[in-house]
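Chains P and V, in that order, are what the protein sequence lines are.
Residue 299, in this note's numbering, is where the first sequence stops; the numbers in between run on with no holes.
Residue 493, in this note's numbering, is where the second sequence stops; the numbers in between run on with no holes.
Among the clues, some could well be false.
Stated by the list, open to error - Derived contacts from chain V toward chain P, CB cut-off under 8 angstroms, selection only:
1. Lys231
2. Gln320
3. Asp323
4. Phe324
5. Val325
6. Lys331
7. Pro333
8. Phe423
9. Gly426
10. Glu436
11. Thr442
12. Tyr447
13. Pro448
14. Asp451
To be clear, the hints were calculated from the coordinates, so they are not data collected in a lab.
Fair warning: this is a prediction, and the values are worked out from it, not measured in the lab.
Heads up, the beta-carbon is just placed ideally off N, CA and C, and yes, glycines get one too.
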Amino acid sequence: MKKIILAATIAAFVAGSVAADTVRMGTEGAYPPYNFINDDGEVDGLERELGDRLCEIAGLDCVWVVNDWDSIIPNLVSGNYDTIIAGMSITDERDEVIDFTQEYIPSDPSAYVALAGADSAGDVVAAQSATIQASHVASSGATVVEFASPDETVAAVRSGEVDSVLADRAFLADIVADSNGELVFVGDNVSIGGGVGIGVRESDGDLKTALNVAIDVMKADGTLNEMVKRWLDIDANY
Amino acid sequence: MEMCADPSSLDGINWWMCYLTTGKHQAFYASFGTVLLLLALTAPVVMVLGFGGAMARKSKIPPFRWFGLAYTNIVRGVPDIIFFLFVPIAMDQGIEYLRHRVKCPDVREPIRQGHDFVVCTAAKMPLGSSPQWIHESYGFMLALIAFALVFGAFAANTLYGAMGAVPRAQLETAEAFGMTDRQVFWRVQVKQMWVYALPGLSNLWMILIKATPLLFLLGVEDIVYWARELGGSKTTRFAYPHPDWRLYYFVFLLVFYLFMTWASEKVFNRVTKRLSHGQATVGAGS
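Just need the whole structure built from these sequences, with the hints factored in.
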């Protein structure tokens, strides 16, 4: 008798935890306006707003988790959270390890920023490690200096440690606008990488489908275009 | 606070009052508590593991002795950062594997699927539906165990050395009084070894204080993480924009660490004095 009760309790417990579909959203929290920690200590930015909306459409209960960029893929794969929604461009290299949903931000050009007065990107360029920008600089022949966080790449330009920084234009635009002329865009924009998608585990097909459907809904009714325009000042035209 | 509702209209002292009490700053202040709690909980576990390890190394039973030797040498030899990445992940996956076996015996799919480590939802540790604070406490627990294992190995070596440093004459005298091996160990050797162990243990304690930034590797947000996050330059997208202030935040941490060092030194000096009472060792004079 006792065994039956115990088994029933365990079954109820298991069923209960499966029914509550909690999805843990992993992000970096250091890349405004894509994602950042606001002054209240909460995750904020385009991806916060978008992620919450997607979860609402898909009927998922979402929780936000902050993780270092460097270990963001390993921690997804080992199951510490269920998605990466952190301005991550879809690349073949990453696609071998994890899966991506369809893109929710179109391929955003990257740009170089240097101290005012510079007329080119220079020979020593900062980029965040393990990004498409870092590999682009390395293959372009310039010396790449990698930093763990986006903020440090810009600080390196200010201190003169590097000639310029290469990052997503939307991230740099805020910083240039706020610098009172100290920092300027130099050279041409470069188009690298595809669009930005949500990373999920390869074994997590259901979640990928649910998110894809929700992104479709937002693309169809134009809310995604509006959101991307408002946060990043990019015309998405989905 | 009410006046903080519109930060852009503030200046001077009011701006600072509001800035220093934002939710983010409160998380920063709270992380000092996290670090102190980790130290307070880790230290006793380290002592237990260290004492156990030292006893194992001294043991007359070969398997115990080998275990003690292996523990102290392997753990001390592996770089900390590798150990901190490996132990918590291995422990976490080990626990989830066992839970998967027990809770979902009818799931046929393999747990390792390519790069993925997939256990059934009910076997997740903690459950995916648990509130965030449970996830954080769990990460904290894993961190505590990893810290205790690493520092326990160092403590074991220190204590082993200290046991050997107790003058042989003391032990022989005790034997001559007819004490058994066990009595000699507990009544004479252990009682006298502390004064020799203290300098080494105080070193370990200092290193432990400074090792806490490794916490962020395990997802626990510690004081260094918050200092870097708060100090980074903030554009006008934030309520309180400011240039790169990391230097000031790190100077603040420096003061904190120096204070911890100063306070620890005071405590260790007192303890050394007490333990050296009546013993002809260097500690007695100072």
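Evaluation of the provided hints:
Of the supplied interface hints, the one on V/Lys231 holds, with its beta-carbon coming within about 4 angstroms of a beta-carbon of chain P, less than 8 angstroms. Interface hint status for V/Gln320: upheld, as the beta-carbon distance to the closest one in chain P is roughly 5 angstroms, under 8 angstroms. Interface restraint check for V/Asp323: the shortest CB-CB distance to chain P comes to about 5 angstroms, inside 8 angstroms, so the restraint holds. A hinted interface residue such as V/Phe324 counts as satisfied when its beta carbon comes closer than 8 angstroms to some beta carbon of chain P; here the least separation is about 5 angstroms, so the hint holds.
The restraint placing V/Val325 at the interface with chain P holds, with a minimum CB-CB distance near 5 angstroms, inside the 8 angstroms limit. The interface hint given for V/Lys331 holds, since its Cβ lies 7 angstroms from the closest Cβ of chain P, which is under the 8 angstroms cut-off. Taken as an interface hint, V/Pro333 does not check out: its beta carbon lies about 10 angstroms from the nearest beta carbon of chain P, beyond 8 angstroms. Given hint, V/Phe423 at the interface with chain P, holds; its Cβ is 7 angstroms from that chain's nearest Cβ, closer than 8 angstroms.
Annotation: V/Gly426 was flagged as interfacial toward chain P, and the flag holds, the nearest CB pair being 7 angstroms apart, inside 8 angstroms. Interface restraint check for V/Glu436: the shortest CB-CB distance to chain P comes to about 6 angstroms, inside 8 angstroms, so the restraint holds. For V/Thr442, the interface hint holds, since its Cβ comes within 8 angstroms of a Cβ in chain P; the closest pair sits about 4 angstroms apart. The criterion of a C-beta within 8 angstroms of any C-beta in chain P is met by V/Tyr447, whose closest approach is roughly 6 angstroms, and the hint holds.
Taking 8 angstroms as the C-beta cut-off, the interface hint given for V/Pro448 holds, the closest approach to chain P being about 7 angstroms. At its closest, the beta carbon of V/Asp451 sits 5 angstroms from a beta carbon of chain P; the interface hint therefore holds under the 8 angstroms criterion.
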